[in-house]
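Novice: Position chains B and C relative to chain A; hints supplied.
What follows is each chain in one-letter form.
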Amino acid sequence: MNATIRWFWFASPQTFFPLAGTIARACGWLAVPLAAAGLYVGFFVAPTDAQQGEAYRIIFIHVPAAWMSMFLYVVMAFWAAVGLAFNTRLSAMLASAIAPTGALLTFLALWTGSLWGRPTWGAYWVWDARLTSELILLFLYLGFMALQASIEDPRRADRAGALLAIVGVVNVPVIYYSVQWWNTLHQGASVSLTRAPSMAAAMLAGMLLMALAFWMYGLWASLTRLRCIIRERERA
Amino acid sequence: MTAALRALLWRDLLVALRRPSDVATALLFFVVVASLFPLGTGAGPNLLREVAPGVIWVAALLSSMLSLQRLFAADHADGTLEQLVLGASPLGVAAAAKVLGHWLVSGLPLVAIAPAIALQYDLSPRLYGTLALSLLLGTPVLSLIGAIGAALTLGVRGGGVLLALLVLPLYVPVLILGAGSVAQASAGLAPDAQLELLGALLAVSAAFAPWAVAAALRIAME
Amino acid sequence: MSWGGWSGFWAMGGYGFYVWGAYGVTLAALAIEVWLLRRRAREAQA
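Protein chains in written order, with our numbering: chain A, 235 to 470; chain B, 31 to 252; chain C, 30 to 75.
Quick caveat, the hints were computed from the structure, so don't treat them as lab data. Bear in mind the structure is a predicted one, so any value in this text is a computation, not a measurement.
Per the computed footprint, the stretches of chain A lying under chain C, defined by three or more beta-carbons under 8 Å from a beta-carbon of chain C, are:
| hint | stretch |
| --- | --- |
| 1 | 276-285 |
| 2 | 295-304 |
| 3 | 329-342 |
| 4 | 345-352 |
| 5 | 451-462 |
Now the stretches of chain B that chain A is said to cover, found in silico as 3 or more residues with beta-carbon under 8 Å:
| hint | stretch |
| --- | --- |
| 6 | 184-194 |
| 7 | 239-248 |
For each residue, glycine too, the CB sits at the ideal point set by N, CA and C.
Next up, chain A with everything else stripped away, as it sits in the complex (with noise of 0.2 Å):
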């Protein structure tokens, strides 16, 4: 046998399912501990904000879960793309798998950032591009799947779902970039892949333990539901 990638071994929904399962216990088993340790960092040893008090601790739940909530749109559209282009059903199913848990974690974003905003910037909404943008997002993820539950045939279902959510991804950069390109009232982006962060050391370690937990959530949920539909398509 020669030497070529077996890049479809995993692309038969039963040869992927035990295997979902084990990623899945172990996601779901990683994510409580560092939930865990997040939430101890983000209570007991990051210090109370100079300017914000104790209000800014919300900031442990809403980064994360805006975080997730962009980088999931992107998993879902870049398998959706993969199963428009290869026609294969575990990627759509896949897809599909991650659209409600990335929902979730929109609304718990513009939620939490909701409650955040009223003690700090005095209004519980502002209509700035950054927020405008992630509930626009919050409306691509539930479009998603409103289209893929009025259609009978599972695979068209498949199909315009992920047609649907490839020309949406546009939306993600917008939300990303927003607080750079327009002047917005939500601030700037203070972790960055190529600078010093701009705030106190325990602050970003709760922060990015807290995203991290949520990731693997995130990762947990997504191949759980997976699972079910796994089950579910191939019973019918």
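Specialist: Only chains B and C this time, still in chain A's reference frame:
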């Protein structure tokens, strides 16, 4: 290829002309919606002058969305769409022709009617040019993006409302730029940035949307 | 970071409503999602 495009376009325009009520209803909707706002918010002239760009643009959005239903439904029902999908000319070209026909009949008239609405809102006449130009650049984008939604929801139950839910979030940048250009001009500043970005949106959507529409039609027709 | 006892912790320097409103809804939402998913997994297995 252009012959096929022209033939398809001509056919769509003829069909629309023979059924003027379909077209007129969407345009009338535009006028009615724009007339509702002053009744709801109170007709203070300063308030109306301020909200005019936004209201006119939202009304244009909604009217465009309503008329999207017609884009593929009739052809889908009588089998013409199947012929187009299987036909010789590239489906993207056919899609572009249909979208162009849709815009000429549902979008372009909005550009012409908008100054009348602006008059109702006592918008300063020096802004009419910017308003018309923003609509001229923006309404084709609405038709192009909307066509993707119309193709995705072809024959799906809950079609109309679902189409709105899918398409309105994608319309938001056009709305912000279009209404923003007029608001900018009314503040005495040049609306160049918004209009140029609208032009860019038009260029990008004109280049890519027909192929997305074609892909969506193929998905819908299986 | 010392809170001066539990009362200080819940008060969050006067911002208790906002901080716990945010954390509470987040916890509840995630708990509901976990519960719904596990129930779906059980039913899919049956």
